[in-house]
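Colleague: The primary structure of each chain is shown beneath.
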Amino acid sequence: MDIFVEHITKNYVARETGSPAALDDVSLHIRSGELLALLGPSGSGKTTLLRVIAGLEFANRGRIRFGDLDATGIPVQKRGVGFVFQHYALFRHMNVFDNIAYGLRVRERATRPPEAEIRRRVEELLSLVQLATFEDRYPAQLSGGQRQRVALARALAIEPRMLLLDEPFGALDARVRKDLRRWLREIHDRTGQTTIFVTHDQEEALGIADRVAILKDGRIEQVGTPDEVHDDPASPFVMTFIGDTAALNVNIRNGAVLHAGKRLPIVGSSAGEGPGTLYVRPGHVQLAQTAGASLTGRVVSLRRFSSGQRAEVRLHGTGELVEAELPAGSHVNSGQDVGVNLGQVRIFR
Amino acid sequence: MHDLQKAAPSVTDESNVARYVLIALALGFLALFLVLPLAVVFTQAFSKGLGAYVAALTHPDALAAIKLTLTVAAIAVPLNIVFGIAASWAIAKHEFRGKSLLITLVDLPFSVSPVVSGLVFVLLFGAQGLLGPWLREHNIEIIFALPGIVLATIFVTFPFVARELIPLMQDQGSADEEAALTLGASGIRAFLTVTLPNIRWALLYGVLLCNARAMGEFGAVAVVSGHIRGETNTMPLHVEILYNEYNFAASFAVASLLALLALVTLCIKTWLEWRYADALAAGRRH
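Residue numbers (this note's numbering), protein chains in the order written: chain A, 1 to 349; chain P, 1 to 286.
Since the hints were derived computationally from the structure, they do not count as laboratory data.
Where a beta carbon is used, it is the ideal one built from N, C-alpha and C, also for glycine.
A few of these clues could be false.
[Claimed, not checked] Estimated spans, in silico, between C-beta atoms of each pair:
#1 Leu38(P) <-> Pro114(A): 57 to 63 Å
#2 Asp227(A) <-> Val82(P): 56 to 62 Å
#3 Leu69(A) <-> Arg189(P): 20 to 26 Å
#4 Asp244(A) <-> Val82(P): 56 to 62 Å
#5 Ala74(P) <-> Pro114(A): 38 to 44 Å
#6 Gly73(A) <-> Gln170(P): 28 to 34 Å
#7 Gln130(A) <-> Ser15(P): 54 to 60 Å
#8 Leu192(P) <-> Gln344(A): 56 to 62 Å
#9 Pro37(P) <-> Thr133(A): 53 to 59 Å
#10 Asp227(A) <-> Lys93(P): 42 to 48 Å
#11 Gln170(P) <-> Asp136(A): 30 to 36 Å
#12 Ala86(P) <-> Glu203(A): 43 to 49 Å
#13 Ala86(P) <-> Gln130(A): 54 to 60 Å
[Said to hold, decoys possible] Negatives, chain P to chain A, calculated, CB over 10 Å:
#14 Ile81
#15 Ile140
#16 Leu209
#17 Leu257
#18 Ala259
[To be verified] Rough simulated footprint, nothing fancy, chain P against chain A, three-plus residues with beta-carbon under 8 Å:
#19 24-34
#20 85-93
Using the sequences and the hints given, assemble the complete structure.
Modeller: What follows is the structure, given as structure tokens:
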């Protein structure tokens with residue numbers, strides 16, 4: 001099911017923060033069968049957008065289309081969306097079986113499947129989410145990861161047009177989150193369900209999504225595959241939000257990139273003329289001998305970073321900080337003077 | 001109690017002397033102000049023997065008072081359940097202007113003297129009241145009749161249900177209801193199958209307190225009832241009339257019924273608290 005978000009605008013004041021959380025003329029096409037991540041910092045409007053698609057909130061302007069169907073005015077009950085909430089929202093007084101069967105049992109008599117069919121369907125879903133022996137348990141007796149899987153099974157039970165997940169792994173610890181992430185991807189690949197999930201975790205978004213839409217202040221900054229948004233960010237915001245970066249003030253004159261008056265050996269700059277900001281990721285910074293290096297600085301700290309090591313270097317002259325990923329077996333000490341060479345960079349003006 | 005058994009003293013522990021003095025004070029206070037009066041009620045009630053006790057309760061005026069009290073509670077409590085749920089639903093799940101004013105208004109009956117609450121209705125519906133002439137023209141009796149007593153009781157007992165439900169519903173948020181809606185449930189269906197089960201223990205607790213107060217209310221009802229024997233006398237009023245006539249045994253016999261109601265309420269309330277604490281804890285862990 002293709003989903004078209006067309007010029008959605010919504011103004012309101014968020015209940016908790018009192019700050020305006022709005023959507024500003026957002027248009028987005030979610031392709032049938034894809035797994036799309038809505039990524040952004042808190043207050044960027046990503047959850048609001050998801051809720052507008054679900055019909056839990058209504059926009060002031062704009063349209064939502066499901067394929068050829070204009071869904072803008074359709075109430076949430078009739079939209080046929082499977083929605084998974086951050087804090088699961090399982091019905092605490094019902095056991096796992098009744099939770100999953102809920103969506104089938106509330107159907108009108110004409111479309112409600114017979115109880116035997118409901119049982120068959122729920123058992124099928126229970127085995128899909130690997131909770132076959134848990135049907136009599138109550139939500140309070142399950143772990144966070146198990147609850148979220150029940151919530152997913154419950155959403156899938158109504159055979160929804162699409163699956164919408166609001167920060168589905170936000171309340172789980174890192175290890176469970178990782179397992180569930182991989183598992184969500186597997187379920188998606190198996191069911192082929194068009195899926196949108198909201199997250200503020202860029203690693204999560206890049207890790208499992210087919211495409212990522214990055215939001216900021218109620219606007220879409222960029223939509224693209226994980227590789228595109230990571231390697232070819234459309235704005236300084238996307239650059240700094242997706243992965244770590246260092247920022248250097250530069251000046252561009254006649255196509256040459258000048259940093260503190262010194263020319264940097266950087267090619268292919270198409271940023272135009274004048275002052276700008278150069279962004280570089282730690283993986284594209286190499287430390288070298290001071291002699292012959294384009295920049296020099298002093299190592300101020302070394303720290304472990306997952307499997308590798310990173311050095312923080314304060315540049316001589318400007319005092320700007322640059323982070324460099326160290327190759328295995330490199331010997332750098334804190335306080336040492338080093339040369340800094342930049343690989344792939346992005347310059348925005 | 002667990003603290004008493006701990007081997008190592010904690011900084012908040014008191015010396016033994018202080019501890020026993022405090023316990024003795026608390027127990028003494030309880031005995032003097034709660035247990036003793038209750039014992040007096042029952043001994044006085046039976047002071048002229050079981051026969052007199054039964055006779056006092058089966059006297060036509062006493063039976064009329066009991067019937068009236070039950071009738072008033074049977075009308076006031078269900079209405080307050082509806083009002084209470086509606087008010088807490090509005091307050092907990094929606095944002096609107098004047099919400100804090102509404103919360104204050106819900107609490108108003110607690111802060112106003114019951115006599116004043118009764119007086120308000122007399123000023124509104126009484127013969128000399130604002131709507132008095134109009135009511136007389138249409139032959140509608142409110143003051144010194146059942147409707148007035150019910151109105152006063154509803155007013156005084158209004159906060160009980162709402163005050164139990166508002167914090168719980170605010171704590172639970174609306175995600176459960178939203179989940180039910182996305183699964184295709186209608187609004188009313190979501191309310192019956194999701195909201196109501198989520199609040200059932202708190203609701204029961206509120207209803208219990210509301211009922212106890214509805215049956216026991218004196219001040220507001222005394223103002224609007226007119227004390228017509230066998231007609232507009234509720235149990236608390238009947239107790240007072242008998243007492244003023246120096247008919248102590250009969251007075252305490254009726255009073256013992258009210259005391260019994262209080263004891264039963266207390267027992268159910270304790271049981272509910274124990275149950276409800278469990279359910280609430282599950283809700284929080286959820």
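Colleague: Look at each hint and say if it fits the structure.
Modeller: Hint check:
Leu38(P) and Pro114(A) have their C-beta atoms about 58 Å apart, which keeps the hinted 57 to 63 Å range intact. The hinted range of 56 to 62 Å is satisfied by Asp227(A) and Val82(P), whose Cβ atoms lie roughly 59 Å apart. In this structure the supplied range 20 to 26 Å holds for Leu69(A) paired with Arg189(P), their Cβ-Cβ distance being about 24 Å. The hint said 56 to 62 Å for the Cβ distance between Asp244(A) and Val82(P), and at roughly 58 Å that hint holds.
In this structure the hint that Ala74(P) and Pro114(A) lie 38 to 44 Å apart at CB holds, the actual value being about 42 Å. Restraint check, Gly73(A) to Gln170(P): a C-beta distance of roughly 31 Å satisfies the suggested window 28 to 34 Å. At roughly 58 Å, the beta-carbon separation of Gln130(A) and Ser15(P) lies within the given 54 to 60 Å, and the hint holds. A hinted range of 56 to 62 Å holds for the C-beta pair Leu192(P) and Gln344(A), which are about 60 Å apart.
For Pro37(P) and Thr133(A), the Cβ-Cβ distance of about 57 Å falls inside the hinted range of 53 to 59 Å, so the restraint holds. The supplied range of 42 to 48 Å is met by Asp227(A) and Lys93(P), whose beta-carbon atoms lie about 43 Å from each other. Judged by the Cβ atoms, the range 30 to 36 Å given for Gln170(P) and Asp136(A) holds: they are separated by roughly 31 Å. Separation of Ala86(P) from Glu203(A) is about 46 Å and conforms to the stated range, judged on CB atoms against 43 to 49 Å.
The hint said 54 to 60 Å for the Cβ distance between Ala86(P) and Gln130(A), and at roughly 43 Å that hint is violated. Every C-beta of chain A lies more than 10 Å from that of Ile81(P), the closest at about 19 Å, which supports listing it as non-interface. Separation of Ile140(P) from chain A is adequate, the least Cβ-Cβ distance of about 43 Å exceeding the 10 Å criterion. For Leu209(P), the non-interface assignment is confirmed: its Cβ lies about 23 Å from the closest Cβ of chain A, beyond the 10 Å cut-off.
In this structure Leu257(P) is separated from chain A by more than 10 Å, as the shortest Cβ-Cβ distance comes to about 36 Å. For Ala259(P), the shortest C-beta to C-beta distance to chain A comes to about 36 Å, beyond the 10 Å cut-off, and the non-interface label holds. Beta-carbon proximity to chain P at under 8 Å applies to 0 residues in the segment 24-34 of chain A; the threshold of 3 is not reached and the given coverage is violated. Counting residues of the segment 85-93 of chain A whose C-beta lies closer than 8 Å to any C-beta of chain P gives 8; at least three are required, and the coverage claim holds.
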